[in-house]
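**Student:** In case you want the letters, here they are:
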Amino acid sequence: MKNVMSNKFVITLYVLPALILILLLIYIPIVLTGYYGLMDWNGIGKMKFIGLDNYIELVKDKLFWQSTWHSLLLGLFSTVSLVGYLILSLILASKIKGANFLRKIYLIPMLLSSVAIGQLWAKIFDPTNGMINRLLIIFGVDNPPVWLADSKIALYALFFPIVWQYAGFYIIIFYAALKNVPEELIEAAKIDGATSIQIAYKIKLPLIAGVIKVMVILAIVGSLKYFDLIFVLTGGGPNHASEVMASYMYSEAFSKYNFGYGSAIGFGLLIICLVMTWLIQKLLSSKEVEF
Amino acid sequence: MFKKKTVAMIISVIMLVSLALAGCSSSSSTEEKSADGKKVIKFMHLWPEGSSNAQFSIVKDIIGEYEKEHKDIKIETEILNPDQYREKLKVLASSNELPDIGMTWSDGFIKPYVDGGMLAPLDDVVNKNPDLKDAFIPGVKESYAVDGKTYGLPLELNISYVFYNKEIFKKYNLEVPKTFEEYKKVVKTLADNGVVPATVGAKDGWPASFWFMYLADRIGGPTILTDVIHGKAKMDDPAIVKAAQEVQNLVDMGGFVKGASALSNDDAKGYFMNEKAAMFLTATWELPNYTTSPDVKQEFKDKIGYFKFPTYEGGKGTDINSYVGGPGVGLFVAKDSKVQKEAKDFVGYLVKRWGEKSVTDAGVIPATKVDTSKLKLAPMYIDILKDLSEASNVTTYFDTQSSPAVSELHHDLVTALFGKQITPKDFVKQQADALAKEQK
Amino acid sequence: MSKAAMETKINTTLSVPYKTSKSFGNRIGYGVLYVILGIIAIIQIYPLIWLLLFSLKTNQEVFGMSPFSLPQNPQWGNYAKAWSAGHIDVYFFNSVLYTVIAVVLTVILASFVTFAITRMHWKLSGLVLGLFMAGYMIPLHSTLIPLFNIFKSTHLIDNPVSVILSYVAFNLPITIMILAGFYKTLPREIEEAAVMDGCSIHRIFFQITLPMTIPVLSTTVIINMIYNWNEFVFVNTFLSSDKWKTITVGVNNFVGQYLTDWGAIGATLMISIIPVLIAYFILSDRIVEGIAAGSVKG
Numbered sequence: 001m002k003n004v005m006s007n008k009f010v011i012t013l014y015v016l017p018a019l020i021l022i023l024l025l026i027y028i029p030i031v032l033t034g035y036y037g038l039m040d041w042n043g044i045g046k047m048k049f050i051g052l053d054n055y056i057e058l059v060k061d062k063l064f065w066q067s068t069w070h071s072l073l074l075g076l077f078s079t080v081s082l083v084g085y086l087i088l089s090l091i092l093a094s095k096i097k098g099a100n101f102l103r104k105i106y107l108i109p110m111l112l113s114s115v116a117i118g119q120l121w122a123k124i125f126d127p128t129n130g131m132i133n134r135l136l137i138i139f140g141v142d143n144p145p146v147w148l149a150d151s152k153i154a155l156y157a158l159f160f161p162i163v164w165q166y167a168g169f170y171i172i173i174f175y176a177a178l179k180n181v182p183e184e185l186i187e188a189a190k191i192d193g194a195t196s197i198q199i200a201y202k203i204k205l206p207l208i209a210g211v212i213k214v215m216v217i218l219a220i221v222g223s224l225k226y227f228d229l230i231f232v233l234t235g236g237g238p239n240h241a242s243e244v245m246a247s248y249m250y251s252e253a254f255s256k257y258n259f260g261y262g263s264a265i266g267f268g269l270l271i272i273c274l275v276m277t278w279l280i281q282k283l284l285s286s287k288e289v290e291f
Numbered sequence: 001m002f003k004k005k006t007v008a009m010i011i012s013v014i015m016l017v018s019l020a021l022a023g024c025s026s027s028s029s030t031e032e033k034s035a036d037g038k039k040v041i042k043f044m045h046l047w048p049e050g051s052s053n054a055q056f057s058i059v060k061d062i063i064g065e066y067e068k069e070h071k072d073i074k075i076e077t078e079i080l081n082p083d084q085y086r087e088k089l090k091v092l093a094s095s096n097e098l099p100d101i102g103m104t105w106s107d108g109f110i111k112p113y114v115d116g117g118m119l120a121p122l123d124d125v126v127n128k129n130p131d132l133k134d135a136f137i138p139g140v141k142e143s144y145a146v147d148g149k150t151y152g153l154p155l156e157l158n159i160s161y162v163f164y165n166k167e168i169f170k171k172y173n174l175e176v177p178k179t180f181e182e183y184k185k186v187v188k189t190l191a192d193n194g195v196v197p198a199t200v201g202a203k204d205g206w207p208a209s210f211w212f213m214y215l216a217d218r219i220g221g222p223t224i225l226t227d228v229i230h231g232k233a234k235m236d237d238p239a240i241v242k243a244a245q246e247v248q249n250l251v252d253m254g255g256f257v258k259g260a261s262a263l264s265n266d267d268a269k270g271y272f273m274n275e276k277a278a279m280f281l282t283a284t285w286e287l288p289n290y291t292t293s294p295d296v297k298q299e300f301k302d303k304i305g306y307f308k309f310p311t312y313e314g315g316k317g318t319d320i321n322s323y324v325g326g327p328g329v330g331l332f333v334a335k336d337s338k339v340q341k342e343a344k345d346f347v348g349y350l351v352k353r354w355g356e357k358s359v360t361d362a363g364v365i366p367a368t369k370v371d372t373s374k375l376k377l378a379p380m381y382i383d384i385l386k387d388l389s390e391a392s393n394v395t396t397y398f399d400t401q402s403s404p405a406v407s408e409l410h411h412d413l414v415t416a417l418f419g420k421q422i423t424p425k426d427f428v429k430q431q432a433d434a435l436a437k438e439q440k
Numbered sequence: 001m002s003k004a005a006m007e008t009k010i011n012t013t014l015s016v017p018y019k020t021s022k023s024f025g026n027r028i029g030y031g032v033l034y035v036i037l038g039i040i041a042i043i044q045i046y047p048l049i050w051l052l053l054f055s056l057k058t059n060q061e062v063f064g065m066s067p068f069s070l071p072q073n074p075q076w077g078n079y080a081k082a083w084s085a086g087h088i089d090v091y092f093f094n095s096v097l098y099t100v101i102a103v104v105l106t107v108i109l110a111s112f113v114t115f116a117i118t119r120m121h122w123k124l125s126g127l128v129l130g131l132f133m134a135g136y137m138i139p140l141h142s143t144l145i146p147l148f149n150i151f152k153s154t155h156l157i158d159n160p161v162s163v164i165l166s167y168v169a170f171n172l173p174i175t176i177m178i179l180a181g182f183y184k185t186l187p188r189e190i191e192e193a194a195v196m197d198g199c200s201i202h203r204i205f206f207q208i209t210l211p212m213t214i215p216v217l218s219t220t221v222i223i224n225m226i227y228n229w230n231e232f233v234f235v236n237t238f239l240s241s242d243k244w245k246t247i248t249v250g251v252n253n254f255v256g257q258y259l260t261d262w263g264a265i266g267a268t269l270m271i272s273i274i275p276v277l278i279a280y281f282i283l284s285d286r287i288v289e290g291i292a293a294g295s296v297k298g
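Chains as they are written, first to last, in this note's numbering: chain E, 1 to 291; chain W, 1 to 440; chain F, 1 to 298.
Errors might be hidden in some of the hints.
Simulated DEER-style distance windows between Cβ atoms [said to hold, decoys possible]: (1) W/LYS38 - F/LYS243: 14 to 22 Å; (2) W/LEU16 - F/LYS243: 15 to 23 Å; (3) F/PHE206 - W/LEU16: 31 to 39 Å; (4) E/PRO206 - F/SER153: 45 to 53 Å; (5) W/LEU16 - F/ILE43: 30 to 38 Å; (6) E/LYS60 - W/ASP36: 38 to 46 Å; (7) F/LYS243 - W/THR318: 25 to 33 Å.
The set of hints was computed from the structure by calculation and includes no laboratory data.
Where is the CB? At the ideal position from N, CA and C, for every residue including glycine.
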């Protein structure tokens, strides 16, 4: 049987098309990004080779580390929110009435494009006419916060729409994973008198541990390179209070015409993602034993 | 063994292909002919039918006329919204694939493209064409010049005013302020009565910069910001610090809409259009909303007036007829265009016809002189065109004049200035440092 | 339906054969649970309602008015504008075409790869999986200029192939990661038995493994579909002819130099969400159905 499952020709046949595609369309850009990072280039006309200058500047750049910190916070926040999504998915995947209908509703925000979500949340956060502050004023708060305009709050306020936007994404995957858990195992546990919480903790979660791990990686890496709503809602402001790595990269490369430096930021982002993924793998593979 | 070799091979192939690609940024565009043997001119502009219908239609009509007169030419347009236009232009320029004709902003925006050898000089278009030679409002075309050669022909000219709601002013017995002290009194009355005095979309940076620029003009004199760009004055000049300080004084007085630093220009405009803010400092591109636009109610239009930015007691800029403004977009022709001659001819044609049509059809003030006597225009247009002819000075927007890097920094800092996240001193210092770095 | 009636109804369906006695506390627990689930449902469906209201407003109403407010005078004209000035008719077709092709290619290619990595035995499998995962880590805007050069040198600029290939390449990493998480939970016994019976590898893949993964395939199809449908950076950068552009460009056509027509944007967004909504509802059921189908075949 080993022979069938290790047929080199079949492996090549199955892997090669996708591999070629990502090597061409993702890895060449990655290498070029690193290469442009070695240049003094405004994106127009001649490049000048400056060695590692951009990378050295990057390591010393306070704004870069500040935006990295913001991205990491977003990653942490997204990871914590996974717990909530997991609980919701457990409820939806258990056989309660209306679960099917609720699940469909819960995923609707995911269908909206960032343009729409950005507009919606701009209206929610508006200091005067916005929904939150109108409610706060009704409840007697005289001086409600100005949300995205307050450099102390802006970043954290932004976390909510971002995390909310991806709720559907995680719920649908957790849900599909939970539906994959063999029914017989659950029935058997029920006969043994296990409560639903015990079943969830002892049977369901260990069985979908692999999926959970992938979701943690996706949540963190996705957060580290996150761009859309931050760009739409605050553009990284005020005063870089909500700047993340990708918005910083965009503003350097496309707004300030420092394409060389912007590329160095992009490459730095990639390296930080790799390090984080490696860390998560280490952390979670030791945890998995516990299950 | 097998493993290492394969990995090494994959890596080296990727490297080789990447470097080959990095090197090959030479233009590969060949002269294109359409199926019927016509010469094709590619023209990229930023007036989509959806949002800029009037401009879109004028351009479309002009293209139609031109193609009728020149049977051997076909003009293909690609239309993007302004944000995407900028992004795409950048990508196209990086691989030397600019369209034959495109749109550009003046000064700081056009310079990198000229320095990178992307654009063709257009002086011959103007000089050879008697219709264009004296057609431009003095000084506007020069905004597109680098080292004495003009690389863009302007289509628009905008100046900024404070637009105000006459009904709100009347309700609180307010007069149009002539001086900044009077202006502050107006602000105080409005704020005391719970009315938003002025709305500003400080998140976008540039709308907030209008306030800063006007105050700098009134306090430090009309040339001060231009001098800063050219290294003849310093950004940390006391007059400029004072201007920034006055901005924050207004913020402290409650002179602007709450949370302005998170509002886009559109968000902020909403307050004025819904009569929830009394004043809005903006440029003449908003005029259709106050005059001709069918989407705005007539009762609202009737309530809107405008005044010139007040003068500052003891300031150097004593002339109220000095404006902050600037050319909007202009046209460029790509240097590597295979149909450069034809493209230049069309650009000249477009600029001239645009000047004749834009005010009446789109409510856009063109960069070419307008003979108001022949046109039927809304009174506000006639007044403003008259102002323009009497203007003692038009200072081009600071963010337009400066390099893209300083411009972006300026936007970020102005937002922070309005949000009081930085002090006036820090505001000027960071920009002074960035400018010094560039002028080295 | 009264609250009490609702609770009893829930209770009857909830009662599992092994534990029939439900305490009063349990009932309250479920009541609270449903209230919470209901609130979440309202929060989640609100954006759609908001978008509908938004699409019927004028620019003045969109800004400065409460977002709760109803349009004073519903602007159905926004939809007419979206259809004509937004060129939705052409763009719509392109969106469907690119999305369908890209989704099918991505899901099939990703399934091949995941099968080879998680089921077959070879030395480089870990490395290749790592390569795919790392492909998820590059910020989109860093790739634009290099990709433009690649497509330029292969003469694919202004050719939809460039956009479709980009969609496939950029969605492969995430699709493979999700699939790999699931493949690890699937039992191997059936496949092993099939190998014993002398099944060819292709038959095992197509007739045994693929059907077993229908729930997760539907999930990845939904996710891919949404991503591709809403994408516009690639479309804007690599395509220039109007005849090739997609519906997200239609949305952006209403963003202007000095004036943005938000009502028309709302209308375009509303039109553009309908097909994804329908496709999503259909596919969403496959997540559950698939399991039954899979186990029957197994």
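**Student:** Give a verdict on every hint.
**Tutor:** Hint by hint, here is what the structure shows:
1. W/LYS38 - F/LYS243: 14 to 22 Å: This hint holds: roughly 18 Å between Cβ atoms.
2. W/LEU16 - F/LYS243: 15 to 23 Å: 36 Å, violated
3. F/PHE206 - W/LEU16: 31 to 39 Å: Holds, at about 37 Å.
4. E/PRO206 - F/SER153: 45 to 53 Å: With a Cβ separation near 50 Å, E/PRO206 and F/SER153 satisfy 45 to 53 Å, so the hint holds.
5. W/LEU16 - F/ILE43: 30 to 38 Å: Since W/LEU16 and F/ILE43 have Cβ atoms about 52 Å apart, the given range 30 to 38 Å is violated.
6. E/LYS60 - W/ASP36: 38 to 46 Å: 59 Å, violated
7. F/LYS243 - W/THR318: 25 to 33 Å: With a Cβ separation near 58 Å, F/LYS243 and W/THR318 fall outside 25 to 33 Å, so the hint is violated.
Violation of the numbered hints given earlier is confined to hints 2, 5, 6, 7; the remaining hints are satisfied by the structure.
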